[in-house]
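> Below, each chain spelled out in residue letters.
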Amino acid sequence: MSLALIALLPQLISAGVAAAEEVSTIVKTFNPGLTDAELNAVLDLILASATKHKALAHADTGAS
Amino acid sequence: MKTFLRSLLFIPLVVSLSCASIPLKQKAVIAVQASESTLEQAQDFERAICFNTPAVESGPHCTNPTAGTVGLSDSTHVAIAKLFEKAYGDEIIAVTVLKTWNAGDPPPTAVADYQKDTTAILDLTKTLTPSHPAVQSFITKIQAVVNAAASILTTLGVK
Numbered sequence: 001m002s003l004a005l006i007a008l009l010p011q012l013i014s015a016g017v018a019a020a021e022e023v024s025t026i027v028k029t030f031n032p033g034l035t036d037a038e039l040n041a042v043l044d045l046i047l048a049s050a051t052k053h054k055a056l057a058h059a060d061t062g063a064s
Numbered sequence: 001m002k003t004f005l006r007s008l009l010f011i012p013l014v015v016s017l018s019c020a021s022i023p024l025k026q027k028a029v030i031a032v033q034a035s036e037s038t039l040e041q042a043q044d045f046e047r048a049i050c051f052n053t054p055a056v057e058s059g060p061h062c063t064n065p066t067a068g069t070v071g072l073s074d075s076t077h078v079a080i081a082k083l084f085e086k087a088y089g090d091e092i093i094a095v096t097v098l099k100t101w102n103a104g105d106p107p108p109t110a111v112a113d114y115q116k117d118t119t120a121i122l123d124l125t126k127t128l129t130p131s132h133p134a135v136q137s138f139i140t141k142i143q144a145v146v147n148a149a150a151s152i153l154t155t156l157g158v159k
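Chains as they are written, first to last, in our numbering: chain A, 1 to 64; chain B, 1 to 159.
Check the hints yourself; a few may be wrong.
What the hints assert, rightly or not - Below, in silico cross-link-like pairs of lysine-lysine (DSS-like), each with a Cα-Cα straight-line distance of 27 Å or less:
| # | chain 1 | residue 1 | chain 2 | residue 2 |
| --- | --- | --- | --- | --- |
| 1 | B | Lys-141 | B | Lys-86 |
| 2 | A | Lys-52 | B | Lys-82 |
| 3 | A | Lys-54 | B | Lys-141 |
| 4 | A | Lys-54 | B | Lys-86 |
| 5 | B | Lys-141 | A | Lys-52 |
| 6 | A | Lys-52 | B | Lys-86 |
Derived by calculation from the structure, the hints in this document are not laboratory data.
Just so we're clear, the structure is a prediction, and the values are computed from it rather than from any experiment.
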């Protein structure tokens, strides 16, 4: 799996072409193993999503 | 167009479905991604019980009458939101550590914290009206998060 395709995933997700859950499938089924740079690109996607949802949870606490 | 793009994306998946041994870090990333996905689904579900229009509403006050029906008070919603916030925080730490993690390194301690947070959400969820189908679905979703957290630890060789 090329790093270019990994880099394209956020755009595909935001365009509704690929659901975030499908990233898991992509990571799981590509074989042989991804490179460290590719895995870190996926981790960056997870970080971005977790950060967004953390902010939402914070808003729900009512704390400023 | 979407169908065409999906084909471009997933045809290579079908070709590469013969899974040989996957490196440990990749297994860890798979486990973390699965956990993140289940956590988001559980949070979305709780917010759908709490808010009439969760896509545009947020805050400590539930507007959906279903919340009252299932015993989700504003204070419980806030308590759950605090735990979600903490779980995401621990996950962010764990993911950041994983970026430079290699097989043989000690697992990020934040993963164990993450498991505690998600277990605490599960415990809180069990205080809601257990007979209500929405609560049962919520419990199932949170249990999936707890299981996913355990899976990360197992992958990293903790349990």
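> Would you mind marking each hint as holding or not holding in the structure?
Going through the hints against the structure:
{"no.": "1", "hint": "Lys-141(B) <-> Lys-86(B)", "result": "holds, 18 Å"}
{"no.": "2", "hint": "Lys-52(A) <-> Lys-82(B)", "result": "holds, 15 Å"}
{"no.": "3", "hint": "Lys-54(A) <-> Lys-141(B)", "result": "holds, 18 Å"}
{"no.": "4", "hint": "Lys-54(A) <-> Lys-86(B)", "result": "holds, 8 Å"}
{"no.": "5", "hint": "Lys-141(B) <-> Lys-52(A)", "result": "holds, 20 Å"}
{"no.": "6", "hint": "Lys-52(A) <-> Lys-86(B)", "result": "holds, 13 Å"}
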